[in-house]
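A.B. asks: Chain by chain, the residues run as shown.
Number of protein chains: 4
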Amino acid sequence: MINKFNINVAIVGASGFTGLELIKIILQHPFFKISYLATSEGGGTASQLHSSLFGILDLPVKKINFDEIAKTSEIVFLALPHKTAMETVRELMKFPHIKIVDLSADYRLSHSRYIKSYGEHLDLENLNKAVYGLPELFREQIKQARLIANPGCYPTASILAVAPFLKFLKTGDSIIIDAKSGVSGAGKKCETNTHYVTINENMFAYNPLKHRHEPEIEEKLEIFGGEFHKVHFVPHLVPVTRGMLSSVYLRIDNNLELEDPIKYLREFYKNEKFIRIRENPPTMKDVAGTNFCDIFARRNGDLLYVESAIDNLMRGASSQAVLNANLIAGFDEFIGIPQIAIVP
Amino acid sequence: MINKFNINVAIVGASGFTGLELIKIILQHPFFKISYLATSEGGGTASQLHSSLFGILDLPVKKINFDEIAKTSEIVFLALPHKTAMETVRELMKFPHIKIVDLSADYRLSHSRYIKSYGEHLDLENLNKAVYGLPELFREQIKQARLIANPGCYPTASILAVAPFLKFLKTGDSIIIDAKSGVSGAGKKCETNTHYVTINENMFAYNPLKHRHEPEIEEKLEIFGGEFHKVHFVPHLVPVTRGMLSSVYLRIDNNLELEDPIKYLREFYKNEKFIRIRENPPTMKDVAGTNFCDIFARRNGDLLYVESAIDNLMRGASSQAVLNANLIAGFDEFIGIPQIAIVP
Amino acid sequence: MINKFNINVAIVGASGFTGLELIKIILQHPFFKISYLATSEGGGTASQLHSSLFGILDLPVKKINFDEIAKTSEIVFLALPHKTAMETVRELMKFPHIKIVDLSADYRLSHSRYIKSYGEHLDLENLNKAVYGLPELFREQIKQARLIANPGCYPTASILAVAPFLKFLKTGDSIIIDAKSGVSGAGKKCETNTHYVTINENMFAYNPLKHRHEPEIEEKLEIFGGEFHKVHFVPHLVPVTRGMLSSVYLRIDNNLELEDPIKYLREFYKNEKFIRIRENPPTMKDVAGTNFCDIFARRNGDLLYVESAIDNLMRGASSQAVLNANLIAGFDEFIGIPQIAIVP
Amino acid sequence: MINKFNINVAIVGASGFTGLELIKIILQHPFFKISYLATSEGGGTASQLHSSLFGILDLPVKKINFDEIAKTSEIVFLALPHKTAMETVRELMKFPHIKIVDLSADYRLSHSRYIKSYGEHLDLENLNKAVYGLPELFREQIKQARLIANPGCYPTASILAVAPFLKFLKTGDSIIIDAKSGVSGAGKKCETNTHYVTINENMFAYNPLKHRHEPEIEEKLEIFGGEFHKVHFVPHLVPVTRGMLSSVYLRIDNNLELEDPIKYLREFYKNEKFIRIRENPPTMKDVAGTNFCDIFARRNGDLLYVESAIDNLMRGASSQAVLNANLIAGFDEFIGIPQIAIVP
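Residue numbers (our numbering), protein chains in the order written: chain Y, 161 to 504; chain U, 161 to 504; chain S, 161 to 504; chain X, 161 to 504.
Derived from the structure by calculation, the hints contain no laboratory data. Hints may contain errors.
Note that the list lumps identical chains together, so a pair holds whenever it fits in one copy or between two copies.
With a straight-line Cα cutoff of 25 Å, these simulated DSS-like cross-link-like pairs (lysine-lysine) come out [unchecked claim]:
no.	residue 1	residue 2
1	330	231
2	430	348
3	243	223
4	430	222
5	370	423
6	390	222
7	330	390
8	289	223
9	223	430
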């Protein structure tokens, strides 16, 4: 039985940016306790991996070992590359007391879509059990789940902007999303597209109309709204470390009434603590370091423009993961979830 | 008679960013010579206005005086706020030997559109004579003009991206443009939205669906293509000093053939020295400091995505202005126009 | 009598960057509660002043009123310009139950030094009672104080780097400090030196050898070490929002033993939770968002180089202020003080 | 015999940042013509190496071949790593018509200092012939040289700041230099210290008191001034792409007269076109993209503070290299050398 007020959690994949964010959030979480840290190689301590943790956390970093995880932890966060995540989930799910929040792409998509975007899937059994961890849309399923597929950053920002308006779309009409992400989304790997000189004073689109988050957005919107809409998705890299905007362009069926989209959004999300409806276009900074998704909408004729802002590492990854862990642990979902932005 | 190879030019409004860019370009231009610099207040020298010009240009900065301009100059660049520009043009046009490139919004729009966006117009006579200075679309008229309305930065980037594809649009269909601009576009004025702390590590939309460049884009596309399309325009501020992307989303009439939009763009712009068709989405840096407009396009079903990149201060203002001056002076248009980007 | 576990605090001067940081820290502090927010003008709510607080704090913002402050609050944080601070302190000190942490320069200096740097002082009575709020050097006095002069950002970083080595200096030798500050240190006021275009891709010194923090450093080091050393201080503005480095160059008396300055620092600060001795030069990011001061030292011959890093808004202002409030309230000093950096 | 007005030059090491800067400068140089481009691997064209050159330069990029270089070129710029540079110089110097500007460290130091900092030297013969390419100090020797050792960026900024004041130093006193460099100085290699997320919103010292430019500064100052002074050198990495400040702290012999250091600097450098003496601390931006070195000085008692600013890629590498090539080719040194900064 889970001790509700002192749950041991493992962070597997502790060396990356989302791993660091998980550590930071859980260090300040009143009920979760980091019992196990691992990377693919293992070695050293938390503060050797992340120098900002010097004097804060000196836990040893282990090489991933399933039995050790099972012995030490009740909830496991996986911040691993896809494929590696799948192999780890498959083994960990064999321990019945373990619950998992997987931050990779491995359990986000239906089998057929997964194959198209990422290739073969090796753990169909658990794929069918996984719940997509976007609480505003799938809260009740999350609470019952043992395996959470934590959403991608672009899908989180985009789905939260589009979902409220699905019922106003013309049947079969496509959805245009122009997204902007900070560089931390590209990960800690050093390569041309993360080199300071490439990014600084620059901005550009990448993988336009071909990004792997496109089918994720399409699938979840279809599940939620009951109808398929093609998504045309163009992401851009922006010279900031963290932050994400999703600019959505929808064509509204003029026969349906939608006079004041902001008022409508307020109503739609009225019970959602981590959605803030803004009277002006949201900014990256107002949500940086928090789990908030700020949303704005404006209509002109049949065109509806919706803009959402999240922190790609927080709501787009780690704070949403901890919130999902709160839900599966039976806590109030906002316990220990950052709300105070790092402005200025 | 104009001495073709040593033309005296005035820069009126020399204190702002576009004024500085004009100075820098003309200093390196083989045939233009700065004969007169002015600001609304006057006083000091060029290098006191712009400390980077120390040791380079110590010309005195005058308070605007129409007779002095007429005496000293054949071509006048106006980098003034709208309204002020109009009052200056009206007086300068009385001197028949003077030709003007106006960088303000005052002569860009038809009268009716001007009134809606900017209020009353005080110089209808010259408004009717002005030619819109986008050379790829209106080169022959520019050559004959005495007064050039130099295009806005957003319209330049957007029109060059959209114009080639106008004939593929469904009749009456609207055009979606998601644009991104560096902060220099907001001018030298110190205010919250130009404060370093507001912009740095941040990004946000402003005036979505309501920006004054929207009607400018609509009007010029209608003139060029012969049909009106509503433009839905959302600009964003990006934490870079200079640079602009225009991301365009069009719905293509599937009955028309457009198999390879990049190949088509190459053909469309084959004689244009300052358009570069890219095989990958263009970047702000590759055009920074130059007059280039780099364009990329990709199609998926009936959705056509086009992305263009310019330097907002150069192709979006000052280098395009000097190029227009080349045309009205009878020079090859590329004389003295920057082509080498400031990468890295 | 102070209720130790639920103390009402006022933040006067809530509109600036340090005001916002105070709000954010106290919102997360277990024992302090914001009972009163004020600005010089008053009006609106906390979230109207700071849009990131939307949904977090909607407390009304009052126009400064001494009686209201006295009625609502036990501890008052003043984040006001100097002079204004002094006038406010003078009035508030008349209420015997009130304790004050003043973030301005008004109570940091001896009378004679104050006059030279800032002009006339209007509250000599309290000037003599104020304690300089640098806990590592003056902890016991702080605990007894009613009025804390919270140190400047440059002095905090510099004094913590120099103080341990004072006894190794040659008698009368001067101290060289080359400091670097993020732009938030220049405040929220919009002016040329805070314009994005001025700062971005730029760096420069300002007020070299003439900055008003120079005498503050000299005075406090003299008080602590018992001997006067001239400080030569050159601050630079760096294109980051928050962060500060202080690079100190000292000449060591070769007759004194100092083999391993890092080891020595560790010993000197062994009981200090918010000092971290680094084996490599500290970085701005490792301390951003925290109260830490990270220090490194290296010696070559008689030259000792010491580098310290702080967050100018936190250890250099607001988190140090709250720590001082902890001390005067009798709490453990680290209660509610941020320790987790905002990396990445 | 050299045709003075159309000299073929080779750029060997064309893929890095300094290689690109060389290409850009020479493309705009009236008398130099790029006849040969090479990298260690070869392959592709200039615009495939550097996408900003698309449409500008499509010269093929060769694998380094000494005979080809000798056949095609009269002046060779080497932008290669040290050691590789040395091996290339040794071969190229066998062709008597070839003159070389080497941007590496290989010929900058005396043999004994080279060994200490970089290890064995394999080309002592040419090491003895090489001239250090700092024109303000060694112009006449440069004009006669076949092999120029182009100075490092830090030494250029530092020596130009210190040299004028050498005669005021106390005998044997050491020199303190706190330097700041943009990230392009770290080269195009992708690694942790060039990752955007490491650099952005950050600043830190590296190799303090141990950087390999320290002996270069010491040696050249000794040669110029006739006396050895120990240099204590601490470089910092700054979140800008290009730019460099050198903050110098000197102790002046109070017996010598130096009332107005700015006036003195003006006199010292009165014939130097690429030195600008500033009345305020120089900024990175005012010299970005140019060959200028801007210098400021201020004295307080026996402390003299001097601050210089250069563009690390230009005056610190490529534009100084082309200027040296001008000198060895017998041209006026300022022909084709960038003077107009890339502000804003």
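A.B. asks: Among the hints numbered above, which are violated by the structure, and what are their numbers in rising order?
C.D. replies: The structure breaks hints 1, 2, 4, 6, 8, 9; every other hint is satisfied.
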